[in-house]
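Okay, here's what each chain looks like letter by letter:
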Amino acid sequence: MRIAFVDLGFAWPPTGGAQVDLYHTIQGLQNQGHQVHLFALVHPDFWRLSAFDPATLPFPATPLPQEWTELTPHGLCGRIRSEVDAWAPSLVFVGLGRHFKPHVLHALSHYPLITRYYMYEHLCIRDCLLYKWEQTCLNDFLRTPNVCRECAVQHWKADLQATEVPPYTGEAPRAGTLHPAYHRLFVEALAKCGAAIVNNGLAQERLEGYCPHVCIVPGGVTVADYEHIPLSERPPRERAVILMTGRADRPWKGRDVLIAAAEGLAQFRSGFEVWVTEDADPVQKPWYRACGWRGHADMMSLYQEADIVVVPSTWQEPYGLVAVEAMAAGRPVVASAVGGLTGIVRHGETGFLVEPGSSTALALALDRLLDDPALRCRMGARGREIAEAEYDWQRIIDAHYPPLLERVMA
Amino acid sequence: MSGALRICAFRSQGWGYATRLHHLRRRYPDARLVVMIPKGETVSEQEAAYADEVLEQPHETYSIRKPGKLWDLARTLREARLDLFVVMYPSPRLRLVAGLSGARRAECWSYQNLIIALPTRLLPAMAVLGWRIVQGQLRFWRCWLTTRLRRVPMPGEVDKMEARGLRMPRR
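Chains L and A, in that order, are what the protein sequence lines are. Per this note's numbering, the first sequence starts with residue 82, numbered consecutively. Per this note's numbering, the second sequence starts with residue 3, numbered consecutively.
Only chain A is shown next, with the shape it has when bound in the complex:
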């Protein structure tokens, strides 16, 4: 088994992880498949059937705003010595994670459900991610200002939840 390709399938939020494992196993029947799940989660029966090894991520979520978490993830991935790193979507954040993985190459599922190669160079990945973060902030603030400054003319409108004193239940 030592010569087998080591493939890591990185589980992130979203549907169809088990289906993706199924496709991966068909595409690389002899590879050693490492299933990487977020901290605190477990693998289902379906997922376990495809996994040769289960690896827990050091944290539940990752963001460029928390480089410590990304560093922990990069260290875990590099220790796993991967040949191929596979993520669920071609999103900029997952592209960055792929860049940090240290794997020789990376692949992902496109939105058309095709497996495509994912560029793993770190600097372009970070630039794309940074630009998308700026776009996201602009998008949110534009929506926020629209709702605050441009009201629907609705005299006498009250929040019925607040009027009844209802709040988010405390845990």
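The following block holds chain L by itself, in its conformation from the complex:
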């Protein structure tokens, strides 16, 4: 089968999980014998957003240079359509597209289509988080478009008024997101897709009825990349390391919950440190260390240093790749029982799931693991086994994509 991949935000080396997901999906399908080709926008005027060198990719790719400030639905879609038509695929997979995605799906609707939503782009036009007032938002753009449009404009107020509009916000007026017709375009585009792939049950549930088929395909890791030194074989540390990775400076990632839990623990026990991958140090405590934002390669060694990995997110974490990475590195995980994390962490087997936002519940789980090194070793080892069996990229592609492709082509 000839599968064209279209993405408006691809970058390699990656700057986010969506790019890693797309890369491995393309590579995995190529390994299955499909002919693949990536068509991805690159922005020469905005270096951080999307850039890649096709020569460094293991699959054929066409970069489509596009001035950020000249992005329009008509120009963009015409360009993508002519490039894809020239390659003549039998199926098109559309990855990241943000505000322009409905336009792109319409432009390519003469092919069987699969669309992938990595966060809650299909539900929350504001910031894809579906997180308002520190809780899961009950509204969504499909069902309450006017509420969501007003919410978005209020949220973007400072960005829209700014002297330099941030690219994601600047994209919305260009894509016509706030125009009333955009909602109809969005709904029609979803209906034209053969399948939509999402990361968790919440995203799936809210999309049901708008797209003919909605399925969950988890993300994965290349387990072989993770050097596995079991906790039992590592020289014992004087102070156990509790590690929180990811963009800890985002309020919804729950760093403050972790700090509150650690403060509680520090009142009656010592022998632990909290390491967080952020640049600035929000608390001056002897047990707290801001170890700076790390690249993918550095992260692997950081996991080896850790004794426990924490994912204290307070929002509906779409997937929770950090938890899978920690399991691949053979470390126990304490995570909030939210979103995709509930499907990854097996409570009592590979770690603990705790009530989101509860520093007490988190402290209790950490206390239990700090008290019992043997339990940490056991959970870490089990996590590694599960990562190898279920979360290796090729296994995920082999398990989920053949039936999906068959269904869409039928």
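Some hints could be false.
[Unchecked claim] Cross-link-like lysine to any residue pairs, in silico, SDA-like; alpha carbons within 20 Å at most: (1) L:Lys273 / L:Arg255; (2) L:Lys213 / A:Pro171; (3) L:Lys238 / A:Ile66; (4) A:Lys162 / L:Asn227; (5) L:Lys273 / L:Tyr291; (6) L:Lys238 / L:His260; (7) A:Lys68 / A:Gln139; (8) L:Lys213 / A:Met170; (9) A:Lys162 / L:Arg224; (10) A:Lys162 / L:Cys209; (11) L:Lys213 / A:Gln139; (12) L:Lys238 / A:Gly16; (13) L:Lys273 / L:Leu485; (14) L:Lys213 / L:Arg331; (15) A:Lys162 / L:Trp214; (16) L:Lys213 / L:Asp240; (17) L:Lys238 / A:Ile135; (18) A:Lys162 / A:Arg150; (19) L:Lys366 / L:His260; (20) A:Lys71 / A:Pro171; (21) A:Lys41 / L:Asp362; (22) L:Lys238 / A:Leu151; (23) L:Lys213 / A:Met163; (24) A:Lys41 / L:Gln365; (25) A:Lys41 / L:Asp330.
[As the list claims (entries may be wrong)] If you want the ones that stay clear, here's a sample from chain L, every Cβ over 12 Å from chain A, calculated: (26) Arg83; (27) Lys213; (28) Gln242; (29) Arg350; (30) Arg488.
The set of hints was computed from the structure by calculation and includes no laboratory data. No experiment lies behind these values; they were computed from the predicted model shown. The C-beta atom is built at its ideal place from N, Cα and C for all residues, glycine as well.
Let chain L serve as the given structure and place chain A on it in line with the hints.
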């Protein structure tokens, strides 16, 4: 050390400050690097490794609407006696800050991730900033009016958060 070039790297919102310090240190290996962080923030281990001196900004943020804050910043920068002032982006606001710094020259990172010279003359910087502020207001009000006056036909639509009495939690 007294003859060394004094460079101030001004930290503002955005990613990659430590990476920029790394590039600066490579570009000016013998210079004295002054890392300037917003009030109340701290330097990370990575940033501290490049810094010869850490200077705290007098306030967290700056705007042309609050000239008092800008004046405090200008005074702090001028007291630091800088040869080169480096900002993270070529934005009009940072261009104005560079103009106020009193440094002999200024540089910044372009959106293509190249280090470029930044003009430091105050009047043109203020004119550009003023025009951008007007553009920003027009942009916002156009979007606001679109959402208020042109509704998606969706009968029976209610804000489900409000319907359940949910509000922003009080601190």
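Hint check:
1. Taken as a hint, the L:Lys273 and L:Arg255 pair is broken in the structure, with Cα atoms around 23 Å apart against an allowance of 20 Å.
2. Of the supplied pair hints, the one linking L:Lys213 and A:Pro171 holds, its CA atoms being roughly 10 Å apart against a limit of 20 Å.
3. For a cut-off of 20 Å, the pair hint linking L:Lys238 to A:Ile66 stands: about 18 Å separates their Cα positions.
4. Restraint check for A:Lys162 and L:Asn227: satisfied, since their Cα atoms lie roughly 12 Å apart, inside the 20 Å limit.
5. Using a Cα cut-off of 20 Å, the hinted pair L:Lys273 and L:Tyr291 holds, with the two alpha carbons roughly 10 Å apart.
6. Using a Cα cut-off of 20 Å, the hinted pair L:Lys238 and L:His260 holds, with the two alpha carbons roughly 17 Å apart.
7. Annotation: proposed proximity of A:Lys68 to A:Gln139 holds, straight-line Cα distance about 17 Å (limit 20 Å).
8. Simply put, L:Lys213 and A:Met170 have alpha-carbon atoms about 8 Å apart, close enough for the 20 Å limit, and the pair holds.
9. Taking the CA atoms of A:Lys162 and L:Arg224, the gap is about 10 Å. The hint holds against a cut of 20 Å.
10. Restraint check: the Cα-Cα separation between A:Lys162 and L:Cys209 comes to about 18 Å, which is no more than 20 Å; the hinted pair holds.
11. Between the alpha carbons of L:Lys213 and A:Gln139 the distance comes to roughly 25 Å, so the proposed pair goes past 20 Å and is violated.
12. Simply put, L:Lys238 and A:Gly16 have alpha-carbon atoms about 18 Å apart, close enough for the 20 Å limit, and the pair holds.
13. Distance restraint check for L:Lys273 and L:Leu485: the Cα-Cα separation of roughly 16 Å lies within the 20 Å cut-off, and the hinted pair is therefore satisfied.
14. A threshold of 20 Å between alpha carbons decides the hint, and for L:Lys213 with L:Arg331 the separation of about 14 Å falls inside it, so the pair holds.
15. Using a Cα cut-off of 20 Å, the hinted pair A:Lys162 and L:Trp214 holds, with the two alpha carbons roughly 13 Å apart.
16. Between L:Lys213 and L:Asp240, the direct Cα distance comes to roughly 18 Å. Compliance with the 20 Å bound is thereby established for this hinted pair.
17. This hinted pair checks out: L:Lys238 and A:Ile135 have alpha carbons roughly 13 Å apart, not beyond 20 Å.
18. For the hint linking A:Lys162 to A:Arg150, the alpha-carbon distance of about 19 Å falls within 20 Å, and the restraint holds.
19. Our distance criterion of 20 Å between C-alpha atoms is broken by L:Lys366 and L:His260, whose separation comes to about 49 Å.
20. Proposed proximity of A:Lys71 and A:Pro171 is contradicted: the alpha carbons are some 30 Å apart, above 20 Å.
21. Between A:Lys41 and L:Asp362 the CA atoms are separated by roughly 13 Å; this keeps the pair inside 20 Å, and the hint holds.
22. Between the alpha carbons of L:Lys238 and A:Leu151 the distance comes to roughly 17 Å, so the proposed pair stays at or under 20 Å and holds.
23. Proposed proximity of L:Lys213 and A:Met163 is supported: the alpha carbons are some 9 Å apart, at most 20 Å.
24. Annotation: proposed proximity of A:Lys41 to L:Gln365 holds, straight-line Cα distance about 15 Å (limit 20 Å).
25. Pair hint A:Lys41 plus L:Asp330 holds up; C-alpha atoms about 17 Å apart against a cutoff of 20 Å.
26. Distance check for L:Arg83 against chain A: the nearest CB is about 34 Å away, which clears 12 Å, and the non-interface claim stands.
27. Against chain A, the non-interface label of L:Lys213 is violated: not every CB pair exceeds 12 Å, the least being about 6 Å.
28. Here L:Gln242 does not stay apart from chain A, with its beta-carbon only about 4 Å from theirs, under the 12 Å limit.
29. The Cβ of L:Arg350 lies farther than 12 Å from every Cβ of chain A, with a closest approach of about 26 Å, so its non-interface assignment holds.
30. At the 12 Å boundary, the C-beta of L:Arg488 stays outside the reach of chain A, the nearest C-beta of that chain being 31 Å off.
Consistency note: the structure conflicts with the earlier hints numbered 1, 11, 19, 20, 27 and 28.
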